[in-house]
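Each chain is listed here by its residues.
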Amino acid sequence: MSNLERVLESGAFTVTGELGPPQSADPEVIREKARLLKGYVDAVNVTDGQTAIVRMASWAACLIGMSEGLEPTVQMTCRDRNRIALQMDILGMSALGMKNLLCLTGDHQSFGNHPQAKGVFDIDGIQLLQIARNMRDEKKFQSGDEISVSPSLFIGAAANPFADPFDFRAIRLAKKVAAGADFIQTQIIYNVERFARWMEAVRQRGLHKKVYILAGVAPIKSAGAARYMKTRVPGMDVPDEVVDRMASAPKGEAKRVGIDLCVDIINQVRQIEGVAGIHLMAIEWEEAVAEIVEKAGLLPRPQLSA
Amino acid sequence: MIVAEQKPLEEIRRMIIPYERVLILGCGTCMTVCDAGGEREVSFLHSALRVAQAKSGNETHTFSEYTLKRQCDPEFLDVLDDKIDDVDTVLSLGCGIGVQALAERFPALPVLPGVNTSFMGMAKELGVWDERCAACGDCRLEETAGICPITRCTKGILNGPCAGTKNGKCEANKDMDCAWVLIYKRLERLEQLEKMRRYYPMRNFRAIPRPKRITSKISVDVVDVGEDNG
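Going down the list, the protein sequences come from chains Z and F. Using the numbering used here, read the first sequence as starting at 1 and increasing by one per residue. Using the numbering used here, read the second sequence as starting at 1 and increasing by one per residue.
Since the hints were made in silico from the structure, they are not lab data. Hints are not guaranteed to be accurate.
Restraint ranges, calculated between C-beta atoms of paired labels, are given here [claimed, not checked]: (1) Z:G92 x F:C136: 38 to 44 Å; (2) Z:L304 x F:Y199: 31 to 37 Å; (3) F:N116 x Z:A25: 36 to 42 Å.
Glycine included, each C-beta is placed from N, C-alpha and C at the ideal position.
Based on the sequences and whatever the hints tell you, model everything.
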């Protein structure tokens, strides 16, 4: 069982982090980020070419993170690999001792630095969930062939309470749970009111009892970053109050205001029934993680024996 | 129908450099309807090539023009038999199928593509065509309210909409409708929203090997192909 699964099962309010691999072959970048996260989070998502930019492979960066004492969550998207390659990577990650797997459809290739690439999308994120679940539980590949030593997995998926159509978002979560998700990490929440409404729909369907839901949070560095997320990042909902609060920060104080805002959101989502923890995405600002987790009163992290 | 765009004049001029006598060959079906390679476009391109040649001053191509009823059917190509002896190449304004039909029918004749074949679609408004079918060979339009996610979702996913949709638009293009939001809204209107709750399994790409071949189920003897079938 992975540490993430143990902590969630214990009922402790769980904290996961995020680490973006470098656009280079430099392992030091990962080691430095890992040192900033170790001890403050229960597991760390390692992204898989996020925003379609070429970066070190998730599994490879996970391995480096493990050598620094992190428990990784391998992120896996369907953008760059077909079902054959995805299953090969699931076998490989499991053989390397990685248990947490986050199944994603993936950002469209047009966002990244190789917009002329062919997007694979042989399968979608929900179908990947089912493949992973069947590899673990049925000991079968998608082809139906048996797996002699099946992968040991704790399977996750993403959910975006802010994408369209709103009424469909809880239904889509139900589809992901039915396909095999053990845990869910949500899109970054700035609109807590809308997130709470989504959670209400989730509870109505009893989904919070079937899957662990980690609320996505992220500190904002500046008013400009808030505006950028509001207008440019797909699937984000950044209310004007959030932009205004960042914009009203005194000179040189924006980062402090951003951290305080993040802590406020953590305190709010923690009160919502069915939220099992947070997924803290301080991307390229890993230094902020320790302070946020501490200010939110989430230290020390549970030390559970395997 | 098949929709295409004519290639830029400069690209066409580069392609014809090795050839003296060029036959510009239009197509009377899809390429005529989508304004890419019908009789009118053949005539315009003919004029444009002549003007460009006159301006450059040091080229000696001779051009002729003709438009077939249809380039993608071998029997419509017979009329070319006595035309190709007098030319060094055919610049086809047919779709990619037309170009290849010519190449198969006339093994010794260089054939050049004058259009970029783009998609199968329909006229959305005057002069605007939208892609609608990906010829995937495994039609599921019954399940998706008559809106094709393979074609119209930029990721072609079967369990959409993905998390990137915003205000009903696609994450990859703010001006493009999210196919799965369209499907959702139409299913809602048809009172078939339960179809959105279903899990749709992976596509079977083996069902659609490329290149495909379809054999008519009607006996060849009884099919009478008339002259006016174009």
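Outcome of the hint check:
Separated by about 31 Å at the C-beta atoms, Z:G92 and F:C136 break the suggested range of 38 to 44 Å. Between Z:L304 and F:Y199 the C-beta distance comes to about 34 Å, which sits within the given range of 31 to 37 Å. The given range of 36 to 42 Å is respected by F:N116 and Z:A25, whose C-beta atoms sit roughly 38 Å from each other.
Of the numbered hints listed earlier, the single one contradicted by the structure is hint 1.
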